[in-house]
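From just these sequences and the hints, can you work out the full model?
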Amino acid sequence: MDLTLRGVVRRFGTVTALAGIDLDVAEGELLTILGPSGSGKTTLLKIVAGFEFPDEGTVHLGNSDVTVAPPRSRDVGMVFQNYALFPHMTVAQNVAFPLEMRRLAKPERERRVAEALALVELAEYGHRLPRQLSGGQQQRVALARAIVFKPRLLLLDEPFGALDRKLREAMQLEVRRLQRRLKLTTLFITHDQEEALILSDRIAVMSAGRIEQIGLPDDVYARPGTRFVADFVGESNLLDGVARSGAEAEAAGFGTVTLIAPAGAPGARATLLVRPEALRIGAPAAGLANRTTGTIIETVFLGLSVKLRLRLGTGLELLARLPLRPSEPFPLAEGDDVPIGFAPEDVHVIADAGR
Amino acid sequence: MPAARVATSVRPDPVRARERTLLLLATPALLVIGVLFVWPLLRLLSMSVADGTLVQFEKAALDVLYVTVLWESIEIGLIVTVICLLLAYPVAMWLVQTSRFGFILGMFFLLLPFWTSVLVRTYAWMVLLGRSGVINRALRDLGWIDAPLPLLHNRLGVLIGIVHVMLPYMVIPIYAALLRIDPDLRRAAEGLGAPAWRAFARITLPLSLPGVFAGCALVFVITLGFFITPALLGGGRVMMISMLIEQQVREFLDWNFAAALATVLLVVTLAVYAMLGRLTGGAGHAGR
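Chains V and Y supply the protein sequences, listed in that same order.
Each residue of the first sequence is one higher than the one before, starting from 1 at the first, in my numbering.
Each residue of the second sequence is one higher than the one before, starting from 356 at the first, in my numbering.
Bear in mind the hints are in silico, worked out from the structure with no lab data behind them.
Since no wrong hints were added, every one of them can be taken at face value.
According to the in silico footprint, chain Y covers these stretches of chain V (three or more CB under 8 Å from chain Y):
hint: 1; segment: 48-57
hint: 2; segment: 88-101
Distance windows between CB atoms, simulated:
hint: 3; chain 1: V; residue 1: E110; chain 2: Y; residue 2: M630; range: 29 to 39 Å
hint: 4; chain 1: Y; residue 1: E430; chain 2: V; residue 2: Q132; range: 34 to 44 Å
hint: 5; chain 1: Y; residue 1: R455; chain 2: V; residue 2: A252; range: 46 to 56 Å
hint: 6; chain 1: Y; residue 1: R510; chain 2: V; residue 2: R111; range: 48 to 58 Å
hint: 7; chain 1: V; residue 1: Q132; chain 2: Y; residue 2: W552; range: 23 to 33 Å
hint: 8; chain 1: V; residue 1: E110; chain 2: Y; residue 2: N509; range: 49 to 59 Å
hint: 9; chain 1: Y; residue 1: R592; chain 2: V; residue 2: N82; range: 55 to 65 Å
hint: 10; chain 1: Y; residue 1: R371; chain 2: V; residue 2: N82; range: 30 to 40 Å
hint: 11; chain 1: Y; residue 1: Q452; chain 2: V; residue 2: R177; range: 37 to 47 Å
hint: 12; chain 1: Y; residue 1: I459; chain 2: V; residue 2: E115; range: 48 to 58 Å
Non-contacting residues of chain V with respect to chain Y, defined by C-beta distances greater than 10 Å in every case (computed):
hint: 13; residue: L182
hint: 14; residue: E248
hint: 15; residue: I297
hint: 16; residue: T314
Glycine included, each C-beta is placed from N, C-alpha and C at the ideal position.
Below you can see the structure in the form of structure tokens.
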């Protein structure tokens with residue numbers, strides 16, 4: 001393991017920012033810490049970078065214990081949220097800074113700077129000042145500066161937040177390509193679940209100072225372990241249910257839901273997750289095991305798809321997302337009463353662990 | 356399209372109107388400055404070249420006494436500036452990173468001197484620094500010295516007094532410059548392998564230079580024209596140019612020569628400002 005955290009606890013006065021974090025990042029892996037603000041992900045990042053120290057627990061990089069080591073001796077490259085480029089130095093000087101601190105000879109330094117700038121496609125920009133570059137270019141400089149000294153670990157702190165959508169997507173793919181090519185062990189911090197799904201080898205979802213779930217992106221999306229994860233990652237319909245005997249559950253406001261396996265001991269509480277794209281509306285709903293009818297109360301056009309808000313007779317609201325084809329007009333409108341259905345295999349059961 | 360042009364010229368421009376209103380409101384202050392400052396200054400300049408000769412300047416430049424005094428003023432100005440800089444920079448750094456309570460406390464003590472008059476503070480230094488003053492008595496009682504240290508009525512006394520008065524003028528511009536530096540820059544430097552002192556030398560210090568220059572200009576220029584403190588703490592043994600000017604007016608009633616000396620002081624001051632302005636312009640990388 002390249003980065004190992006064991007039982008990391010951090011408190012600020014009476015507030016516990018991290019309540020016992022265990023984390024392993026394998027060599028060459030890109031692991032994302034995903035969580036809302038206040039979940040403790042920034043504190044975790046600072047502890048890994050060495051800007052803050054844990055009250056309990058240990059941090060290892062490779063085989064060395066860096067729990068209380070200062071940032072300069074950790075060999076961690078970090079891309080800050082606002083890039084933190086040195087405004088009085090040129091792009092080349094910025095990228096050369098970590099090499100200079102490592103007392104590399106000048107020719108070697110220049111060679112590595114040129115190499116790193118070429119890697120982020122800014123070879124021609126070495127003599128410019130950071131403020132003369134666009135946001136995307138500044139970010140690439142920050143990335144070059146963070147990898148030029150071949151760090152043991154790359155830290156990315158919400159680096160795409162300040163970019164517009166198109167540029168953000170381009171940068172995400174670029175970072176991923178670079179990370180794979182250089183086999184950089186990377187810890188990526190974000191609150192953007194979409195970004196996490198695109199970039200990560202594995203995702204750790206954080207909430208209230210704990211890791212709620214850690215797993216592959218499609219695991220976290222399709223098989224969330226807790227209600228929080230289901231709600232935070234992607235859009236979701238969460239139904240409060242009670243397990244019945246056999247592969248069935250009783251969902252509040254919906255009725256009996258057929259499952260592919262028992263939801264637990266009869267009478268046990270469980271949350272049923274149905275993703276909006278799993279709902280079938282209109283004719284396709286016919287023949288599905290779980291069926292009801294509802295009224296379309298809102299339609300939101302999203303380009304590739306359309307999002308519908310539906311209200312059942314019981315007052316329960318469901319979200320549905322239907323694919324759109326540009327050539328065909330969308331047949332449904334607000335106010336329509338429509339059949340709604342979903343298959344048993346599209347229901348994911350989250351057992352209530354007493355909280 | 357002449358029609359369009361007419362339309363735009365007739366339409367009232369709210370920005371212009373606002374500018375006019377503000378100018379109107381500023382007029383009383385501008386008049387006061389004009390009447391009480393610019394006019395006397397022009398009078399002063401004309402007095403220094405009264406009768407159309409430069410003879411007063413010749414006298415100032417050729418007499419060793421006056422050149423010595425001017426030089427001593429500049430020397431004291433430089434020493435005070437350097438001491439203030441060395442004392443103020445750490446204070447400014449502490450103010451930037453301290454807690455809210457520490458900041459309020461620090462600012463309180465920093466600004467406290469502004470609430471008492473320079474005269475009172477200077478007399479307070481005389482009580483502290485005199486031959487049988489608080490400091491000498493304490494040192495003698497402790498048995499560390501036999502004879503009192505000469506702290507007053509010499510250059511040391513003058514420097515102590517002036518540094519005390521000038522310190523806030525150095526701290527505040529440096530503090531303001533440091534405050535504008537993103538703390539992530541220092542973190543980035545340390546994360547990239549810089550020990551604290553190198554992060555300071557390569558990042559914090561260069562980015563704070565505009566504040567350093569502003570503080571230095573302020574302290575040097577104000578010190579150059581200091582009067583009360585050197586007059587009282589110097590005990591007649593330290594002569595600065597403002598004291599010389601006062602002497603010319605009060606004792607010799609030589610207004611023309613005093614005006615010439617004042618002009619020299621003004622020119623030196625402006626020269627220093629221009630020089631530091633150049634330096635700051637060159638180092639103006641703090642603006643992002």
